[in-house]
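Asker: This is what each chain is made of:
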Amino acid sequence: MQKSNNSNSTGNAEQKIPFLNDPKIRSIIYQIVTICMVGLLGYYLFTNTFENLQRQSIATGFGFIDKEASFEIGESLISYSSADTYGKALFVGVLNTIKVAFIGILITVVLGTFLGIARLSTNWLVSKLAAVYIEVMQDIPILLQLFFWYSFFYDILPSPRGALEPVKGVFMSNRGLVFAVPEWHPAFKYMIAVFIAGCVAAYFLRKWAKKRQEKTGQIFPLFLCSTAIILGLPLVTWLFSGAPHKMNVPELIGFNFQGGLNMSPEFGALLLGLVLYTAAFVAEIVRAGIQAVSKGQTEAAMAIGLKPGQILNLVILPQALRVIIPPLTSQMLNLTKNSSLAVAIGFPDFVSVVSTTINQTGQAIEGISMIMVVYLFFSLLTSLFMNWYNKKIALVER
Amino acid sequence: MRLFKLCLVVAIVFAMSGVAFAGQTFDSVKAKGFVQVGVNGDLFGFGKPDEKGVWRGLDVDTARAVAAALFGDPGKVKFIPLTSVQRFTALQAGEIDLLCRNATQTLGRDTELGLDFAQVNYYDGQGFLVPKKLKIKTAKGLDGATVCVLPGTTTELNVADYFRTNKMKMKPVVIESNAELNKAFFAGRCDCLTSDASQLAAVRSVAPNPDDYMILPDIISKEPLAPAVRHGDNQWKDIVNYSVLAMIEAEELGITSKNVDEMLKSTNPVVMRFLGVTSGNGKALGLSEKWAYNIIKLVGNYSEIFERNVGVNTPLKLERGLNALWKDGGIMYSPPFK
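Top to bottom, those sequences are chains A and B.
Residue numbering for the first sequence is 1 to 398, as defined by this note's numbering.
Residue numbering for the second sequence is 1 to 338, as defined by this note's numbering.
Hints are computed from structural coordinates only; laboratory data are not their basis.
Bear in mind the structure is a predicted one, so any value in this text is a computation, not a measurement.
Possibly wrong hints are sitting among the right ones.
Some but not every residue of chain B turned toward chain A, in silico, with C-beta under 8 Å [to be verified]:
no.	residue
1	Thr89
2	Met168
3	Met170
4	Gly232
5	Val271
Output of the computed footprint for chain B on chain A, the stretches with three or more beta carbons under 8 Å from beta carbons of chain B [claimed, not checked]:
no.	stretch
6	77-91
7	350-362
With a cut-off of at most 27 Å between alpha-carbon atoms, the simulated BS3-like pairs for lysine-lysine come out as follows [stated by the list, open to error]:
no.	chain 1	residue 1	chain 2	residue 2
8	B	Lys30	B	Lys297
9	A	Lys67	B	Lys297
10	A	Lys307	A	Lys207
11	B	Lys171	A	Lys88
12	B	Lys167	A	Lys67
13	B	Lys169	A	Lys99
14	B	Lys317	B	Lys48
15	B	Lys169	A	Lys88
16	A	Lys88	B	Lys167
17	B	Lys171	A	Lys168
18	A	Lys67	B	Lys171
19	B	Lys222	A	Lys67
20	B	Lys327	B	Lys265
21	A	Lys99	B	Lys30
22	A	Lys337	B	Lys317
For each residue, glycine too, the CB sits at the ideal point set by N, CA and C.
Whole structure, please, built from the sequences with the hints as guidance.
Answerer: Written out as structure tokens, the structure is:
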């Protein structure tokens, strides 16, 4: 009774709702108030911090970026010396972080997929070995694993003077892995160009083959042909330019090996630790993704006579990927963020360079905010790419 | 993990709404009843707990002297082990009241970092520790070497400068934890370890076989190691400053922890003023008149803490050198206590 009365009265007084009682206006007001409060809090924190820093006469601002860094960095992708600026030093750190994260993600995905499939293998030994690996690696903290791999490098391997040489031109010592690389030759430039051209050609070939298959049902040996184009063309170029094969072989001069390509123990330990740890998680994700595809799909594929490889490639993986990609993205982000543990074993990643910078300039707030911005940028970039990929492979309902 | 700690410190800076600053460390320390001191934690002879868990070292005893001056009890100290990267941020953020962590006084740290350094408690210089089997005789022979160094230190900058000046090449291996760095060096990851000479002596003393290592004769920098406080807190700085100076003055006056009670009966006006028999010094600092007596009685004079922690009879085997009194050819010198 009461209720119907109420609804009647509101029905009559629809235009006369008091301004503040209108739910729409109220919700807007609440939002404005919340934003103002957050803004005020931010303002308070900012001015307060600034005042405190001033009172303690601690320098503020990003002016230090242009000053001379005057510290050395162990490894760098670009040429860097202690006479360069803090800005360049920080950039070296960013590049090092990208290097370890990029290579790490690539290897992790391959290794993780392999392990995930191995975990599901019908071969008892393979499946159990994969299971043991996954359980052990997942359960040991990453920092401990890093310490373990780092001490593995310097405790077990000999000094440079007694370096192991398992294959000619490859030296293993506690200074890292040094191996011979081909000496630069102008022909390599053309080989790279031909390689890129080969990739483009393979892309168009794939398009054409797909079209043809849809039209005529004939299957084109795509994999073989594209491999031949991509690898064959540079090989032919190399042969035609006289097959330059002079190698830049590392030599022990003074304390260390000179020449060749050097992978430091710090980088090696960090990469190994990150990859082995994250791959265990990726393996579980891959396993879950494959198991999410109902068994009926496999049976149906077998019924129409597909081979096991084709079943995996054409039926299971495309469906499993939809389940795999989102959690895989978060593992990639984890790997990138975990790379900041490099500080503990002395790899000069971004965090390590920033913490040295903070200590030399005393500007912790600027330093920490730079770390946050850089990692946020990497993470958003990875997410963006993976979301795009996720959309691309999402099931298109016909 | 370290990142987290650093973030925490930054968060603390944010959160401190100007409470603990501006000359109030003294009051807050008195209210707390103990001094919160940042120390090394992993440096034998300067700051490291012994096998029984008791903190030992020159820096540790310096902190105890401050506590003795304030509370008449050298035990009223809480030690916080910090890495070279964390130390200044921890002090800036008010996490600690005093930093006694073999920190070199420099212009930049005194100004831009917002710190104030008290009297130097150890005059040091940077050197190189090398394995004898490398057969290197001077630092000039280190061209192309891999160098182990702590991050965020003056030594990290000096070594870069030194190699640059001498047109030599180096590859640094920078690890934040002392223990990890030493382990890497002993395992042969680096050709040499560079740090303050006193630290090298400490590292050498804990080597698997100390005789396999030698410190090169070259000293490439000046490293005055001093306790630090926050800038602008003058009374607190005075107390820390004069606590160190009191130990130096006591050595000069011949007062030790053993004879300090007899010295109370001395008729020498300088000694009487120093030990608070004639009052005045304590009031000026805002402390009890017994402050200097307490330091000497409970901790010792400079010679005592030096010999106890780093002297020739310790594994570090350091000579007094620059750290001798000015009368004995060193540069330890205290202004008059009056």
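Asker: Decide if the proposed pair is consistent with the structure: lysine 171 of chain B and lysine 168 of chain A, CA atoms, cutoff 27 Å inclusive.
Answerer: holds (25 Å)
Asker: Holds or violated: are the alpha carbons of lysine 169 of chain B and lysine 88 of chain A at most 27 Å from each other?
Answerer: holds (19 Å)
Asker: For the pair we were handed, lysine 67 of chain A and lysine 297 of chain B, check the Cα-Cα distance against 27 Å.
Answerer: Outside the cut-off at roughly 49 Å; violated.
Asker: For the pair supplied as a hint, lysine 171 of chain B and lysine 88 of chain A, confirm whether the alpha-carbon distance does not exceed 27 Å.
Answerer: holds (18 Å)
Asker: Within a Cα-Cα threshold of 27 Å, do lysine 167 of chain B and lysine 67 of chain A meet the stated pairing?
Answerer: Judged against 27 Å, a Cα distance of about 22 Å means the pair holds.
Asker: Verify the proposed pairing of lysine 67 of chain A with lysine 171 of chain B, using a straight-line Cα cut of 27 Å.
Answerer: Holds, at roughly 22 Å.
Asker: Does methionine 170 of chain B pass the interface check with chain A, least Cβ-Cβ distance below 8 Å?
Answerer: holds (6 Å)
Asker: CA of lysine 327 of chain B to CA of lysine 265 of chain B, is that 27 Å or under?
Answerer: holds (25 Å)
Asker: Can you confirm whether the C-alpha distance between lysine 317 of chain B and lysine 48 of chain B stays at or below 27 Å?
Answerer: holds (17 Å)
Asker: Between lysine 88 of chain A and lysine 167 of chain B, does the CA-CA distance stay at or below 27 Å?
Answerer: Answer holds: lysine 88 of chain A to lysine 167 of chain B is near 21 Å, not above 27 Å.
Asker: Under a C-beta cut-off of less than 8 Å, do 3 or more residues of the stretch 77-91 of chain A approach chain B closely enough to confirm the stated coverage?
Answerer: holds (count 3)
Asker: Compare the distance between the alpha carbons of lysine 307 of chain A and lysine 207 of chain A with 27 Å, and conclude whether the hinted pair is satisfied.
Answerer: holds (23 Å)
Checked against the numbered hints above, the structure violates hints 2, 5, 9, 21, 22; every other hint is satisfied.
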